[in-house]
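Chemist: With chain A held as given, fit chain B onto it using these hints.
Heads up: the protein sequence lines correspond to chains A and B, in order.
For the first sequence, position 432 (counting from the first letter as 1) is numbered 434 according to our numbering, and the numbering increases by one without interruption.
For the second sequence, position 242 (counting from the first letter as 1) is numbered 244 according to our numbering, and the numbering increases by one without interruption.
Treat the hints with care, since some could be wrong.
Same chains, same label: a pair holds when it works inside one copy or across any pair of copies.
Said to hold, decoys possible - Straight-line C-alpha distance at most 20 Å; calculated DMTMM-like pairs for lysine to aspartate or glutamate: (1) 8 to 76; (2) 8 to 18; (3) 433 to 173; (4) 259 to 18; (5) 259 to 17; (6) 12 to 294; (7) 98 to 409; (8) 8 to 80; (9) 132 to 80; (10) 98 to 76; (11) 12 to 77; (12) 83 to 409; (13) 62 to 50; (14) 414 to 76; (15) 98 to 80; (16) 227 to 51; (17) 12 to 76; (18) 12 to 80; (19) 98 to 376; (20) 22 to 258; (21) 98 to 77; (22) 34 to 66.
These aren't lab readings, by the way, just hints derived from the structure by calculation.
2 protein chains.
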Amino acid sequence: MSEEKKIPYKIYLSEDEIPKQWYNVRADMKNKPAPLLNPGTLQPMGYEDLRPVFCDELIKQELDDTTPFIDIPEEVLDFYKMYRPAPLVRAYFLEKALGTPAKIYYKFEGNNTSGSHKLNSAIVQAYYAKKQGLKGVTTETGAGQWGTALSMASAYFGIDCKVYMVKVSYEQKPFRREVMRTYGASVTPSPSMDTEVGRKINAEHPGTTGSLGCAISEAVEVATKTEGYRYVLGSVLNQVLLHQTVIGLEAKQALEKYGETPDIIIGCAGGGSNLGGLISPFMGEKLRGEKDYRIIAVEPASCPSFTRGKFAYDFCDTGMVCPLAKMYTLGSNFIPSANHAGGLRYHGMSPILSQLYHDGYMEAVSVEQTSVFEAAQQFARVEGILPAPESSHAIRVAIDEALKCKETGEEKTILFGLTGTGYFDMVAYQKFNDGVMMDYIPTDDELQKSFEKLPKIDL
Amino acid sequence: MSEEKKIPYKIYLSEDEIPKQWYNVRADMKNKPAPLLNPGTLQPMGYEDLRPVFCDELIKQELDDTTPFIDIPEEVLDFYKMYRPAPLVRAYFLEKALGTPAKIYYKFEGNNTSGSHKLNSAIVQAYYAKKQGLKGVTTETGAGQWGTALSMASAYFGIDCKVYMVKVSYEQKPFRREVMRTYGASVTPSPSMDTEVGRKINAEHPGTTGSLGCAISEAVEVATKTEGYRYVLGSVLNQVLLHQTVIGLEAKQALEKYGETPDIIIGCAGGGSNLGGLISPFMGEKLRGEKDYRIIAVEPASCPSFTRGKFAYDFCDTGMVCPLAKMYTLGSNFIPSANHAGGLRYHGMSPILSQLYHDGYMEAVSVEQTSVFEAAQQFARVEGILPAPESSHAIRVAIDEALKCKETGEEKTILFGLTGTGYFDMVAYQKFNDGVMMDYIPTDDELQKSFEKLPKIDL
Chain A
3 MSEEKKIPYK IYLSEDEIPK QWYNVRADMK NKPAPLLNPG TLQPMGYEDL
53 RPVFCDELIK QELDDTTPFI DIPEEVLDFY KMYRPAPLVR AYFLEKALGT
103 PAKIYYKFEG NNTSGSHKLN SAIVQAYYAK KQGLKGVTTE TGAGQWGTAL
153 SMASAYFGID CKVYMVKVSY EQKPFRREVM RTYGASVTPS PSMDTEVGRK
203 INAEHPGTTG SLGCAISEAV EVATKTEGYR YVLGSVLNQV LLHQTVIGLE
253 AKQALEKYGE TPDIIIGCAG GGSNLGGLIS PFMGEKLRGE KDYRIIAVEP
303 ASCPSFTRGK FAYDFCDTGM VCPLAKMYTL GSNFIPSANH AGGLRYHGMS
353 PILSQLYHDG YMEAVSVEQT SVFEAAQQFA RVEGILPAPE SSHAIRVAID
403 EALKCKETGE EKTILFGLTG TGYFDMVAYQ KFNDGVMMDY IPTDDELQKS
453 FEKLPKIDL
Chain B
3 MSEEKKIPYK IYLSEDEIPK QWYNVRADMK NKPAPLLNPG TLQPMGYEDL
53 RPVFCDELIK QELDDTTPFI DIPEEVLDFY KMYRPAPLVR AYFLEKALGT
103 PAKIYYKFEG NNTSGSHKLN SAIVQAYYAK KQGLKGVTTE TGAGQWGTAL
153 SMASAYFGID CKVYMVKVSY EQKPFRREVM RTYGASVTPS PSMDTEVGRK
203 INAEHPGTTG SLGCAISEAV EVATKTEGYR YVLGSVLNQV LLHQTVIGLE
253 AKQALEKYGE TPDIIIGCAG GGSNLGGLIS PFMGEKLRGE KDYRIIAVEP
303 ASCPSFTRGK FAYDFCDTGM VCPLAKMYTL GSNFIPSANH AGGLRYHGMS
353 PILSQLYHDG YMEAVSVEQT SVFEAAQQFA RVEGILPAPE SSHAIRVAID
403 EALKCKETGE EKTILFGLTG TGYFDMVAYQ KFNDGVMMDY IPTDDELQKS
453 FEKLPKIDL
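Pulled out of the complex, with its shape left as it was, chain A reads as follows (with noise of 0.2 Å):
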């Protein structure tokens, strides 16, 4: 109890202690992850293939697997104070009411507008995109976080934010949309009829609803014909992992200023940018040998790449214009049940988490939707927090954990990212309090038709 009580509720850093650089973990990796392809000639793609896409300075950091450490610009660092350091939560209350022995602690990443962790990377690619001159940045979104993410970072640095936002979404949270404008960024429902490939899709499937894909191909092909644009990406990249770092430092030197290290670090995993930001700095003492961690991935039941994917070259995007990537994907084409609440909806996973899963580094479970918000309720009400969707997933698992350890009777410290909270999803969480919502798992034989359009490629 006495040790305990040292331990505050919350432990902030102070503003010096911000990360000044980001933590590469592909340097410290045996077996990188594998090129980008170009998607007409199945090549690796190099710096100059990726300029027409890409900011200059983020295809190098793209491309770059063996730095282990990469400056901050100080633009970054001085907007990072805004919402920066995120707190470290010892979840004593959540402890309490699950009677357990272990320890649990949550990086809260929530604490800003965006909602999540997203604004960590939004400001740095709007950053590199001012500083090339350019005149806007091109994105899509799904759930919503990363294009008001998006939107505020450019609002900052004075560039125009163009949001390709998948049509349900656009629908469904009216709001999410409202905060884009608010910043200032003109947001689109997608499949549109502004590109090509919107007109296309919106022909071969009158009156769909869209998709994460579809609307990656929309933003990327506006991108490419637009004079002075460039498309930005918030997750799955190698860039987005890189800068979302800030997350897995930061809880790393706060547990270490307490005396503390984690048995188990949690994170849930769309397309991996909280979970490979949390876990880099630990995976790289794991990569070295010089600690061991358990490290889980949580997916949706009903979009279980890394439990139920092929670890195949694919593409990243519905419209097949995008680069394709070595990840765990289960086709392009695969579109999460309409009853899926929130984000984590992305058909492929991260290259660099998909590597390092096939290497055993890490684990990965999937968990069903009802579940989750089981968890997510059950912590709202001992934290005080609501979770995103999204969040709720490591919540399910760490909380799984600690009951583990009350059976056992073992002490174990658990990590766990909160990656942001649900203000945005309360039609999701209204389904939950009416008990009518559904889990959905797909089918063996609808993922193997998946699996039938992936392209046949072996490098």
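Modeler: Only chain B this time, still in chain A's reference frame:
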């Protein structure tokens, strides 16, 4: 610059520095706020008179106008650690955008799921209800922050929570309702058919969309008629202002840490809970003649109780079942125009603040809502926080004062209260974004009509 650099963007006190006592500003007031009156006998109400309505310990706090400091219970301090200390933010980005020599600070109370400062008092009231062995509490909510806060607090202490939500808000803010339900509260649109007063109001005003005063009447009726229940209120009352002094005490302590003293203190004012809590410790010094501060209450032009109301005894509710309070009031039947967005729509004002304003210790200004949303948007884009419409009233005047400093070259220090976030107010933001937001100022005739219904009391 070197001196400025020392002040971080966000000043976080440590959890040990959370105040252990509330400050009771009445102890330092020469003219005490007038007592509550019994609506039947019109006589001042004592402890026993108030027991059917309020929790015992809270009545003691309500009536105590001499004890300067009152201990915060240990259990409440534990809960405070979940989301407090709240940050005091130096608005460097806003200062830069305005080009002002003024230093601007804001105390941000939105970093919790209730989205506002309301949780500071909700947890106290739920605690005393639990301690008294009650089954539950009833309350009203308009914009929804208070109802959310009380739901969270009730869930934490395991007591029941019945919320009467102004019908127009219930319908326009289904997501607020769902947050409350997620925390286990029952939410009923008001006026309902569950109460005598609700049925009466529905009969007299068919199709009415309700008002705060009417929801109060219903909540009080249910509390007094249900075994083991009491009524709790989120603003106006002396006890609420007492609890909210954690805001001002923390802000003062954080400023003193960096040798700063505010010249101007600004807060938005609806019932006065945030304003009273923010200014109390500073007002105490002013009342004791130790220091001088310019203190400004900001209210909506559409509900101008300070600037155009009468200082008189009036009913606190529409149904006239509640005690009467001496306060600045627009008349208990006054309902702000339907185009008024967000909270700050109560017809009256805290008796403590009313007395202080009457005695010349503070100023009040009213602002129109389009100018409020302009300030909100500007603030959001540079400071990264999407502010609540209520809070944005204070932002408006803080910006105006900072711009005056720009003209005069004065380096004033401005402190304002940022009470919460606007995530549930996107309907209003959408109107602003679409350029269709309207202003509304009640005419003298309208107010005159409302004043005619004031009870004729002169004590």
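Chemist: Treating 20 Å as the Cα threshold, decide for residue 259 and residue 17: within, between, both or neither.
Modeler: both (15 Å within a copy, 16 Å between copies)
Chemist: Reference check for the pair residue 414 and residue 76, CA-CA at most 20 Å: within, between, both, or neither?
Modeler: neither (38 Å within a copy, 28 Å between copies)
Chemist: Indicate which option fits the pair residue 98, residue 76 if close means a Cα-Cα distance not exceeding 20 Å: within, between, both or neither.
Modeler: Cα proximity of residue 98 and residue 76: across copies only (17 Å, versus 42 Å in one copy).
Chemist: Could you figure out if residue 98 and residue 376 sit no more than 20 Å apart (CA to CA) within one copy, between two copies, both or neither?
Modeler: Answer is within: at 17 Å inside a copy they meet the 20 Å cutoff, but 45 Å across does not.
Chemist: Is it within, between, both or neither when you check residue 12 against residue 80 at 20 Å Cα-Cα?
Modeler: between (23 Å within a copy, 12 Å between copies)
Chemist: Using 20 Å as the alpha carbon limit, work out where residue 8 and residue 18 are close: within a copy, between copies, both or neither.
Modeler: between (22 Å within a copy, 11 Å between copies)
Chemist: Regarding residue 8 and residue 76, is the shortest C-alpha distance of 20 Å or less found within a copy, between copies, in both, or in neither?
Modeler: between (34 Å within a copy, 17 Å between copies)
Chemist: As a check of your reading, is residue 98 near residue 77 (CA-CA no more than 20 Å) within one copy, between copies, both or neither?
Modeler: between (42 Å within a copy, 14 Å between copies)
Chemist: Checking residue 12 and residue 76: alpha-carbon separation at most 20 Å within a copy, between copies, both or neither?
Modeler: Between. Shortest inter-copy distance 18 Å satisfies the 20 Å Cα cut-off; intra-copy 27 Å does not.
Chemist: How would you label the pair residue 8, residue 80 (within, between, both, or neither) given a Cα cut-off of 20 Å?
Modeler: Answer is between; shortest inter-copy Cα gap is 14 Å, intra-copy 31 Å.
Chemist: Give the relationship of residue 34 and residue 66 under a CA distance limit of 20 Å: within one copy only, between copies only, both, or neither.
Modeler: Within one copy only: 11 Å inside a chain, 69 Å across chains, cut-off 20 Å.
Chemist: Quick one: residue 22 to residue 258, C-alpha cut-off 20 Å, is that within a copy, between copies, both, or neither?
Modeler: within (17 Å within a copy, 29 Å between copies)
Violated hints for the displayed structure, listed by number in ascending order: 6, 12 and 14.
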